[in-house]
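Asks: Could you slot chain B onto chain A? The hints should help.
Number of protein chains: 2
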Amino acid sequence: MYDRGLIPVVVQDFQTEEVLMVAYANEEAVQLTRTTGFAHFFSRSRKKIWKKGEESGHVQRVVHILVDCDGDSLLYQVEQVGGAACHTGHRSCFYRTLDGEEIAPTVFDPAKVYRKDHGY
Amino acid sequence: MYDRGLIPVVVQDFQTEEVLMVAYANEEAVQLTRTTGFAHFFSRSRKKIWKKGEESGHVQRVVHILVDCDGDSLLYQVEQVGGAACHTGHRSCFYRTLDGEEIAPTVFDPAKVYRKDHGY
Numbered sequence: 001m002y003d004r005g006l007i008p009v010v011v012q013d014f015q016t017e018e019v020l021m022v023a024y025a026n027e028e029a030v031q032l033t034r035t036t037g038f039a040h041f042f043s044r045s046r047k048k049i050w051k052k053g054e055e056s057g058h059v060q061r062v063v064h065i066l067v068d069c070d071g072d073s074l075l076y077q078v079e080q081v082g083g084a085a086c087h088t089g090h091r092s093c094f095y096r097t098l099d100g101e102e103i104a105p106t107v108f109d110p111a112k113v114y115r116k117d118h119g120y
Numbered sequence: 001m002y003d004r005g006l007i008p009v010v011v012q013d014f015q016t017e018e019v020l021m022v023a024y025a026n027e028e029a030v031q032l033t034r035t036t037g038f039a040h041f042f043s044r045s046r047k048k049i050w051k052k053g054e055e056s057g058h059v060q061r062v063v064h065i066l067v068d069c070d071g072d073s074l075l076y077q078v079e080q081v082g083g084a085a086c087h088t089g090h091r092s093c094f095y096r097t098l099d100g101e102e103i104a105p106t107v108f109d110p111a112k113v114y115r116k117d118h119g120y
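Residue numbers (my numbering), protein chains in the order written: chain A, 1 to 120; chain B, 1 to 120.
Since the hints were derived computationally from the structure, they do not count as laboratory data. Every residue, glycine too, gets a C-beta built ideally from N, C-alpha and C.
Beyond 10 Å from chain A on every Cβ pair, some chain B residues (computed):
1) Asn26
2) Lys51
3) Ser56
Residues of chain B clear of chain A, computed beta-carbon distances all greater than 10 Å:
4) Arg46
5) Gly57
6) Arg61
According to the in silico footprint, chain B covers these stretches of chain A (three or more CB under 8 Å from chain B):
7) 21-31
8) 59-71
Next up, chain A with everything else stripped away, as it sits in the complex (with noise of 0.2 Å):
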């Protein structure tokens, strides 16, 4: 399954069926997310695995992770713990529109919410 490397993950509000973001996982993300319960990824740009939610509090509880039919994404169902993903304050990484016109407001401040900047 992995055998292209890393494979994107979408999560997804287990209730409301909305999509929270894309991310990447290699298989000790996806065991270290089984294992745990909580989401958890492999950072392209920091080369390591992070835990969703480390720095911000905003971890997400997996209820079930699906795999579609060729074996190359996975899907990550979760409850978002304070109902917000995106580190822009958004409940979701989809905001936008590709023109650039956003269609959803941010629900938290991340000054407040994050020391620094978070880069996936």
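Replies: Relative to chain A, chain B alone:
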């Protein structure tokens, strides 16, 4: 936005919010999607643009295209024509758990829809 090459695209049913599939796009695929109103992707295995449903007829009318905070993944919110996105006959490509348990039924018979193996 395409500086890393292809970017993952999450496809979500616009009305039910079900996550239907993940595929990849380059700039041309996104432009074709915008100009035609139907979901287009770039096949990593066939190394060419493809229109979802070009063989099965199960095309996707794209209602919104959203981009994530980092500008490196997209969300196509679609109307799924034919009621199913997956070439296996399931509504969603995410129809089973990591342990292989199928959590959703098929809604069409692939043998009646595809003349040959699909192969994303």
